[in-house]
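Protein chains in written order, with the numbering used here: chain E, 1 to 512; chain U, 1 to 103; chain X, 1 to 632; chain F, 1 to 168.
Hints may contain errors.
The calculated lysine-lysine pairs, modelled on DSSO-like cross-linking and capped at a C-alpha distance of 27 Å, are [claimed, not checked]: (1) E:K370 / X:K562; (2) F:K140 / U:K85; (3) E:K110 / E:K28; (4) E:K306 / E:K365.
Hint data in this document are derived by calculation from the structure and do not stem from the laboratory.
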Amino acid sequence: MTDSLLSMILLAPIVAVVLLLFIPPTAKKSIKLIAAMATGISLLMTIYVYINYDNNLGGMQFMQSIPWISDLGVAYTVGVDGISLPMLFLTNIIGFAAVFSSWNINERPKEFFILLLILLTGVMGTFIAGDLFIFLLCYELVVIPIYIMVIIWGSTKRVSKEYAGMKLTIYLLIGSAFMLVGIVALYLQAFPAGMRTFSIAALSQAHLLGTLSQSFQIIVFLLLLIGFGTLLSMFPFHTWSPDGYAGAPTAVSMIHAGVLKKIGGYGLIRLGLLVLPAGAKFWAPIIIVLALGNVIYAAYVAIVQKDLKYVIGYSSVSHMGYVLLGFAALNTISLTGAIANMVAHGIMSALFFAMIGYVYEKTHKRSIDKLRGLAHQMPRIAVGFMLAGMSSVGLPGLIGFMPEYTIFLGLFKVYPFLAIIAVSGIVFTAIYILRVLQKILFGPRNYGFDAIPDAKGPEMVPLFVLGSVLILFGIFPQLLLGMINGTIAPLQSFLQALNNEPSLLVVWGGIW
Amino acid sequence: MHVGLTQVLILSALLFCIGLYGILVKRNLFAILMCIEIMLNAVNINFAAFNYFLPMPDLSGQVMMIFSITVAAAEVAVGLAIIFKIYHDFKTVNIDKINNMKG
Amino acid sequence: MELFALNHAWLIPLVPAAAFIIIGLFFKEFHQLSAGIAVLAGTFSFIMSAAVVMAVLDAGISVEMPFIQKIQWIKIAGMHFSMGVMIDPLSAMMLVVVSLVALLVEIYSIGYMKGDKGYGRFFAYISLFSASMLGLNIAVNFLQMYVFWELVGLCSYLLIGFYYYRISAREAAKKAFITTRIGDFGLLIGILSLQMVFGTVDFMELRHILPVYIAANGTGLLTIIGILLFIGPIGKSGQFPLHVWLPDAMEGPAPVSALIHAATMVVAGVYLVARSYFLFAQLPELLHLIAWLGAFTAFFAASIAITQREIKRILAYSTISQLGYMMMALGVGSLTASMFHLLTHAFFKSLLFLGAGAVMHAINEEADIFKMGGLRKKMPLVFVTMTIGVLAISGLPPFAGFFSKDEILAAAAAVSMPLYIIGTITAFMTAFYMARLLFVVFWGKEQHGHVHKTSYFMQIPLAVLSILAAFAGAAGYVGGFGDWVRFGEAMPEHMNIGLAGISTALSVAAIALAWHIYVSKKYLSDIIAQKMGFIYTVSFNKYYIDEFYAILCRIFIDGIGKIMYFIDLYIIDGIVNTMAALTVYCSRIFSKLQTGQIQTYVAIFFCGVIILLVYTIVFFTKINELAAGGGF
Amino acid sequence: MADTMASIIFYILAIIIVVAAWGIIYCKNLVHSALSMTLCFIAIAGLYALMQADFLAAVQIMIYAGTVVILIALGIMMTRRISMDRTNMPERRYMIWTALITGGLFTCLGIIFIEYPLASVNVKPEGNTVDAIAQLLLGKYMLSFEIAAVLLLAAMIGAVVLAKGADE
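Excised from the complex, chain E in its bound form (with noise of 0.2 Å):
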């Protein structure tokens, strides 16, 4: 039972695209309750293996392995430990919650939703698959309906939705270009012919058995940083997220901002630090720079935007600079930090686009200048975006807090000036945020939403599950970062090993 649990969790969107196909275009709701089902019913799974996932074993748990082309060294394999659980969960969360945002989709919703079914299941077997042939099969799974889905259902602002889906996928293609490259050499090179296997546990052994030179390694982990990075959105390999969420739909934008993104620092960490350390350590310098980019560059490109959208768009590859930070600084602390924070930003950029997504559903207006005074007539709404705003500037008490502080942490016993600019990071946000916050939640009544009703029903739904789980792992952050700590603690002499291999700063302080 406990083995095949995850298959399960796999499974039962799979299940449900199936049943789609039997049911006629026009029963709307049926279609909409049935996705709404296989999410739930994931989730739920999700949540009883959250619970029984034992922190103090650490490791992969709930393994299933079924041998799949032995030549080559495949096997079905997914497992989950500390790193993927809480992206797991983290999936499956917005996966739920971006089924109800989208419960107002009236235009071909059948197709809508076998699409958004298809992403999640592609978005959880990159995350629990123990086997690398798995993982790129599913990352490629998750690119084409995406771009299907920005085209048809997206909107279309300051850049044309096909643009913006254009750009996206070229983008993640490219990327991934990249990184299939770098996959394939490290699995070519990881083990002698007739030895080769794509399995994830096996290539992290790689690097001690000396088949993996050091030249090797830093090259290798450079493809797959282009590769991870560009999904990750670092700087300057961003711009594609901004327009992208811009013109997609609200359930692509949660569940591209929130976990799709996440597959980047996920990769990084689980193929790019675990299987090659010495290119991690090598390129971790060049990493930092580029994150302080990403957080302040970002920052203030996010300030003066016009569209909410483009403001969270900013803000979400801000962001994805503390998790690089926290990556790049490579100790246990700021890898938790790290790890944590994706989580974190997750949920809480889920919610921003959700409600995002309503407002725009509601008035048509997308512009920070033509909306305001939304806390009027949409309290709900308000109290939505509030709560993701707040988490966003890093509010104790909100999941956005205890990652950020912990990745400070991590980065100041590495690079205690760098980690100075990082702070200050917060400061931006706050303006950013609250930029936007004050100018349409709050000001005089706009007389011209008044027919316009609050959210409600369905529309709740994901407020209120994004919303207590944001409270909750704030004011329990043990709850996340012990699970994540309980894998990564043991990372510790691994991680001390490294500080004997050379930095580019090393090998550039050489040359001169």
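Based on these hints, arrange chains U, X and F on the given structure of chain E.
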């Protein structure tokens, strides 16, 4: 002069080149179809020749010819149907006028 | 009983928090019920706090030997934090001040907020604020303090923007949040540095580690950390140059101004310095800086307050000025004086704010003092209580302010004469502008025929606070406040008669001057203003600091933001779009190869075949040669 | 083909094949081309017979010389031209290039065939080949045979649908 495999092969090469020449210079779709048939026959001659001249215990080469002829027959049928369709749509069988795929 | 109070001190912040959740989730629309819940929770907190104070007095808990209770909040490899309760005289005093003022303000608000649409919301916020502020008071470590520090900031933001439909209110709220955020930035870095250097942020642990560390490493790094930590209080307690948010914060309802922006939250900064005085006391240079910054702020704010016309603005600048006093006291090494002033100030300043609120409430929210006038007869209770407040803040004996202010000045005089002189001048100015306020509002021509009645809910807190403002100082003075709330040695209670006499005389002179100008009109204020010309204008416009910041903001925030966005749009995206366009262009060129003529393709195909054939011929010849020459 | 008679027949057939093939291209009238193709195919059938592929020779005559030519002729008729004159003009523009390509190809092939001659050994017994082919078709090449059948069926349906038009 003694006739060996080489002579037959040269004959088939010549036939093939004539067919190719026809394909390249002709504008009429029917003529092109005919030239394709010529080329197919050149290939069939090769089959027959190899089967005849090379040390081979059975008649596999001739069987291949049968398949080749089958495919050729099918190709002629479909090709003619396509030409009819083109004629129906474009009112011409001149291949120069049919260039919708021009980039 | 004592043990019970101490062991259950964690309930003090938790009960108002529960009230917030209950009101916020269920009873927001039930006005009376929500007020009832909030007041009930406030009462509970106050009784518990009082019991805690009793317990502290009885159990002999001192600053050195606090009562500590904590639970693990976060524990990961290399980092762990606790949340807990730390009761020592300092926090016990703060607990009682905060819970008492909060309770009184809640009662006052029952009357003040009557008829407001956001009644339930107001009480929810106030409850959340009490919870956060009380949580801050009992913090066991810097992180817990920071957590609640941010939460009180949030409450302040929410309450300043309480009238969210007013643009000025929402702007003020934003300004308050962002300005204090700049302070928090420093504080956060300070806390991170502490964590990094010492591996802990726990107050008690740090207190034990510090002397060892200083003995080993000196104070160089510690001074930097101290400065960083102090940036937080600069923001929160409205010290120069981050004071700009506090006057604007008066956009909130008057009870909020009384509670948050006078009595409790703004003193959080002072409290933080006091709490971590074991650190600051080791850093004489930093203390010097704090003292001078405090003195400057006190003087600077007072000089602005003199010319302001809006009643709450005057009080706001007065608050900044008094906070400067407290900082100065800390800077000159007298924690006791600072805390004593904090205590008395909480009473008389909230009294003044509540009184001002009552006045404004009575005359349709008119804020300009020169449009009030002659309210003495119409609002006798408010007049009496306000007068007590003004006398208290002016430092006239036997009112509360006299004792605390005198202690500060004495402490300053003991350290540095210039500081004492600035303090005394500030005291003179304080007395003057407070008297000006009192005289202009309550004397002079009656400008309002009809005055709304002040409800009993509003009168009772005023009365209670005025009693406290009148006697708390003397009581504390006699009751051994200095023995109790102190750092290091207990302060001997002796009054420097000379200094006290000078400041009293100056205060009386200032009040007399104000009487002459504003009541008997011997010297007309307008003429003085004209004569002072430049100085008056500068002071009236608050030294143009807001404008200066606006320009800075426009250049360094909006300006750079626009440049960055330009880079994003036209350089980064430009490169991307150029690449895309280049691809399209190339494909246009290559698509020319697609003539649509199968013959062309066939011809090209066979060209390829020929090339391959030629290659094969040449290559095969070579192979044959090799084979012939025995190459294989 | 060891004896002289066979050699002579081969050369005669070869000349007929080449001339007839050239005739297809050279004729300006499409009908003449079709007739020329018939001749060519019959000559090829003769060549097959010469190379002991008598069954194939029959097949060649039936399918190519019969069916295919009739099909093509039918096709030519159905395009409903009044006169068949000048329907089959070569494009002069491409002639040189085409001649170069085909000439090059032929030269290359020729070089290969002459330079690297394959051994010509005939080990097969003379006689009826139909039995042997039938054995192979229904034995070793059973699957291919069936697939060819399916292909023909598909081609037939495809041709009908295409010629008729699916929507009509």
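List, from low to high, the hint numbers that the structure doesn't satisfy.
Number 2 - this is the single hint that the structure violates.
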